[in-house]
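Trainee: Residues per chain, in single letters:
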Amino acid sequence: MANYSDLEYLRLSKGQRFAYKLGHFFTSIPSAIGRLFANIGRGIGKGVKGIGKSLGDIGSTFRNGDGITKGSFVIMGLGNLARGQILRGILFLLFEIVFIFYMVTTGAYWLSMLPSLGHQGPAQEYNPIYDTYVTTYHDNSFKILLYGVLTIFFIIAFIYTWRVNLRQAKINQEMREKGLRIKSGKDDLRSLVDESFYKTLLALPLTGIIIFTVLPIVFMILVAFTNYDGTHDGYFNSLFSWVGLENFNTMLSWEGGGNVYSATFGEVLTWTLIWAFFATFSNYFLGMFVAMMINKKGIKFKKGWRTILVLTIAIPQFISLLYVSKMFAKNGIVNGFLMDMGWIQTALPFFEKAAWARITVILINIWIGIPYLMLIVTGILMNIPADLYESAKIDGASGWKQFTKITLPYMLFITGPYLVTQFTGNMNNFNVIFLLTGGGPTNPNASGASGSVGYTDLLVTWLFKITTGAESKYYLASVVGILIFVVVALITLIVYNLLPSVKNEEDFQ
Amino acid sequence: MSKKNDYDPSEIQKRMGMKAKNRISNTVIYVVLVIMSIVWLIPFFCIVFQSFRVESTWMAGYVFPQKWGFDNYINLAKTDFWKWYTNTFIIAVVVAALQTVIVLCMSYTLSRFRFKIRKGLMKFMLVLGLFPGMLTMIILYRVLKDLGMTQANAVPGLILVYIASSGMGYYVSKGFFDTVPKTLDEAARIDGATRAQVLWKIILPMAKPIVIYTILTAFMGPWGDFVFARYISMNTSAGMNVAVGLQSWLSLDQINNRYTMFCAGGVVVAIPVTILFLCLQKYYVEGVTGGAVKG
Amino acid sequence: MATVKLTNVVKIYDNNVTAVHDFNLDIADKEFVVFVGPSGCGKSTTLRMIAGLEEISGGTVEIDGEVVNDLQPKDRHIAMVFQNYALYPHMTVYDNMAFPLRIKKMPEDEIYERVTHAAEILGITDYLMRKPRALSGGQRQRVAIGRAMVRDSKVFLMDEPLSNLDAKLRNQMRAEIILLRQRLDTTFIYVTHDQTEAMTLGDRIVIMKDGYIMQVGSPEEVFDRPGNLFVAEFIGAPKMNTIKAKLVRGDGEYHVAACGAVLKVGGEKGQMLRDRNVPTQDIILGVRPEHMVLAAEDDANAIDCTLEVNEMMGSEYHLHVNTADGNKLIVRIPTITLSPAQRESLVPGARLNVTCEGKVMHFFDTESEVNILYPCQAPIK
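Residue numbers (my numbering), protein chains in the order written: chain A, 1 to 509; chain B, 1 to 295; chain C, 1 to 381.
Wrong hints could be hidden among the right ones.
To be verified - Lysine-lysine pairs mimicking DSS-like chemistry, simulated, CA-CA at most 27 Å apart:
#, chain 1, residue 1, chain 2, residue 2
1, B, Lys119, A, Lys199
2, C, Lys105, C, Lys74
3, B, Lys282, A, Lys296
4, A, Lys170, A, Lys53
5, B, Lys201, A, Lys199
6, A, Lys70, A, Lys49
7, C, Lys168, C, Lys239
8, A, Lys393, B, Lys201
9, A, Lys296, A, Lys405
10, B, Lys19, A, Lys297
11, A, Lys296, B, Lys119
12, C, Lys269, C, Lys328
13, C, Lys154, C, Lys104
14, C, Lys239, A, Lys183
15, A, Lys303, B, Lys21
Hint data in this document are derived by calculation from the structure and do not stem from the laboratory.
Excised from the complex, chain A in its bound form (with noise of 0.2 Å):
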């Protein structure tokens, strides 16, 4: 690919120009890939670095540590305790107690179990007092995982915790040295509104989200690696255990024939990332459009019809994908009304035939989606500098020649990231398509695909269908979400890395 001085580039024609950019963009697609992985491995290079820092410093803190400081060792808090830090040398020996304390009751049980997730699941036992055959209940599968995980996270938090008593054992022993006075329980809790406060608005959110988003998801993938289903839930029905990759292996191998996982994830990924790109740009460029038509000099009633506008915004969504779901059914009220005027015989199949469901559902997340897309460019349209379109005007630009060369320029640079999230976000975007569709038409070829999968679902309706099934495969679950993870992720990397938002940052400031 040639590479162009800029007096070079300058020569070429428009199209040449064209064709050069195309070249370069597509040839720039691997190294962005390159660069991509590149980051990651420096970044686990500096995490591996990292640990190795640490331990050569928990060592050094040994070889030099005194009596106390290698009692911290043993005993947590000892470092702090020892060099009249109370508070905080009883929250360390405190927390060592406790782990100590469940690790020795149920830690060490749940971690034991952990690789077969439970030996004997529910059977039947006689039971001489009632003279029958009785179910009862053994190991617990879900139990197992769910906590065997916790414990993990728990002696993770346990090791970052106990290397922080260390740090601070040889911190305090250092300044002890010295001659410097170390910090007390006082200062320390006068700090946490000042200095540290960011340690204590950060702890209620940050708890919050390690235990209801993370947790689960640690959780759900793990799932994907076992056969955990309705019919195997891990207690009542039966135990669940690992299985490695098969569920993979199910979902995404070729096996010509038999595998109807696979297509059917095809396909379902094909028109998710299709409807994605139709949702995000029709907003995007008709909200624009609308945007600047109200906001075009002489156009009285701004406030109002932006307010006519907005009403969809505020009206709860669900009422007016639910309601319009039905204006468009077979006997619903746009057939009634296109019937009555004499302009159709029978009724359209707007939800019934594929091609249209897909359409009608583009079609109408545009009238939801158009109202936000008009505000946020309204806002930016203010922010853009009057005296650039004064000296295009000048300088004799049609009016569209200032929209593509000024305007469009401006709001791709701002609303960049905005687009993409837009776009991930709409892959995901659960209520439009269930809410309008169900996911329907049925597609006859994914049937066997656990739930009727429909030609408008999405991976997550796909998923949500999987979950509350009758089968309820929810390993399946599982490894759907972690493909679309994948492949919103892969996206949004590649995306972001090539836009100009990330590059030319200086150019618009």
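Fit chains B and C to the known structure of chain A by using the hints.
Mentor: Okay, now just chains B and C, sitting in the frame of chain A:
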């Protein structure tokens, strides 16, 4: 402007031509806007009209009722509708209060403080947000079930689920705080305030628009949530919110008796929320345009 | 007693960029010190380290003998005025000025005393109930100063407070700051990029470049005896003329060969050169525009040049001349010293002779750019 331009006939012609062109394009725009307004408002007019229909309760293909009446509204009380409404209202109020606190804590911290794990934390939450939200439903349901917070008792369960991870939605608020000059914080700290006092006495009082925006969006969220509410209430009517409940009225076995009541219920749900939104519209717009796009 | 002492202060940012290198300075009680330099030289960073708004990467900062490195700003007994005023927008002027006192839980009547007293001094008593957005830039700056005044602070820090004001207001506020200093009688540390402010306000000026201190001295010192080329060109407007020249040691007399002319170095400077036995060498010659004079036609010790642009400034002409060997000089001539005929002759293209006395010449080493007679820190390349 030289005299020539004012009296030269060709110039006058040109300016009149421009004015005419402008007027034509403006008229076209007005026409388009009127058509758009009609299209945008039609569904809402239809639902209001159909809610007053008395002669039948199934989904008929016409809009204007033959007989008008409030029956559908009155009959709402005979169903679980008001239970759903109360559920959703309680959830919305509690969530509005707690979520605002959590989001503001998170966004202020990320905007103002520089600590070691800050960048890593933001990247981590970005990645976390790429997972489909409902993936966590399954395990959350089972855990909440053990705690007794599902099905009929779904309200506390839902509240917990909504607010616990709300910290991840800090983007808009953080964008707003980023526009507040840091020298304001610094001046206050030099004046003797602790960072907690800076937040409470200086920043929050001037952050009224974003606080209102956060409260508004936090309040409106639960009214429209479908997936989590459906899963956690698990087919128990007493625990449903309005979205799940009303949707169930449109299922094949219920729609013939419930269609017009659905319309009525929809109107009842929509009106207060819409009025609230329209009153606070300017804060919403400020928040969306100010913070949302910073990304 | 409010002395400030910076010892080996260093600031290194996370990306390993060093913003301030080895800063050493002793500020006496009640002294008015100005940090001045181009943007990015580290002056604001140093000020913020004294204030406690930036972490100190190395070295110590002492206020009144106490090491304050680990103290929060509020515990350092300092007050600060910011470039963008940083007034609390939702509070009235009175509340803005009362804020630091209320944090200290001072009784309200004492607060009233102090605030109204400061407001009177600053002439903002009429605005006490207004909010900042209803004030002009100059008024806002006064409120910011007032907010800093009402406290008993040991050190008064000002970070480019006049940069956001227009030229006329700036001149006015400069005078007011001088008056303020007399009233407050405390230690001031003032940061600016404007050398005029530095010269008029400071007892001592600290000139910085790229994180290094170039020179510390009183306004007279840095003006008359600039330690290196950077200081020489930074202080004084228009900029000092600097040309490559050769310092020649003759028998008992020193000459400078510059721009095709030979200029005698007489007087004190000549004596100093003799005393130090400075050898013949290539130098950079520096002469301020106001020190150059028009010479007679036949003066052998004058530089031959052509007038390119003549700026009429009112009380003086700024003549931009080109010498025969391609150097450009600026010469400031008071209008009064010229006869009408002479004034008429100052048109583009006119041939002129300019010269200067030895005592206004500055000699800088070509390599290190240090002043040969009054050396100090070498500029960083």
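Trainee: Each hint needs a verdict: does it hold in this structure or not?
Mentor: Structure-based check of each hint:
1. A distance of roughly 15 Å separates the Cα atoms of Lys119(B) and Lys199(A); the hinted pair therefore holds under the 27 Å criterion.
2. The straight-line distance between the Cα atoms of Lys105(C) and Lys74(C) is roughly 14 Å, inside the 27 Å bound, and the hint therefore holds.
3. Annotation: proposed proximity of Lys282(B) to Lys296(A) holds, straight-line Cα distance about 20 Å (limit 27 Å).
4. With a C-alpha separation of about 15 Å, the suggested pair Lys170(A) and Lys53(A) falls inside the 27 Å cut-off, and the hint holds.
5. Taking the CA atoms of Lys201(B) and Lys199(A), the gap is about 19 Å. The hint holds against a cut of 27 Å.
6. A threshold of 27 Å between alpha carbons decides the hint, and for Lys70(A) with Lys49(A) the separation of about 25 Å falls inside it, so the pair holds.
7. Annotation: proposed proximity of Lys168(C) to Lys239(C) holds, straight-line Cα distance about 22 Å (limit 27 Å).
8. Only pairs whose Cα atoms come within 27 Å are accepted, and Lys393(A) paired with Lys201(B) is rejected, the gap being roughly 48 Å.
9. Among the hinted pairs, Lys296(A) with Lys405(A) is consistent with the structure: their alpha-carbon atoms are about 18 Å apart, no more than 27 Å.
10. The straight-line distance between the Cα atoms of Lys19(B) and Lys297(A) is roughly 13 Å, inside the 27 Å bound, and the hint therefore holds.
11. In summary, the hint linking Lys296(A) to Lys119(B) is not supported, as the alpha carbons are separated by about 41 Å, beyond the 27 Å threshold.
12. Our distance criterion of 27 Å between C-alpha atoms is met by Lys269(C) and Lys328(C), whose separation comes to about 25 Å.
13. For the given pair, Lys154(C) sits about 16 Å from Lys104(C) by alpha-carbon distance, which is consistent with the 27 Å threshold.
14. A threshold of 27 Å between alpha carbons decides the hint, and for Lys239(C) with Lys183(A) the separation of about 53 Å lies outside it, so the pair is violated.
15. With a C-alpha separation of about 24 Å, the suggested pair Lys303(A) and Lys21(B) falls inside the 27 Å cut-off, and the hint holds.
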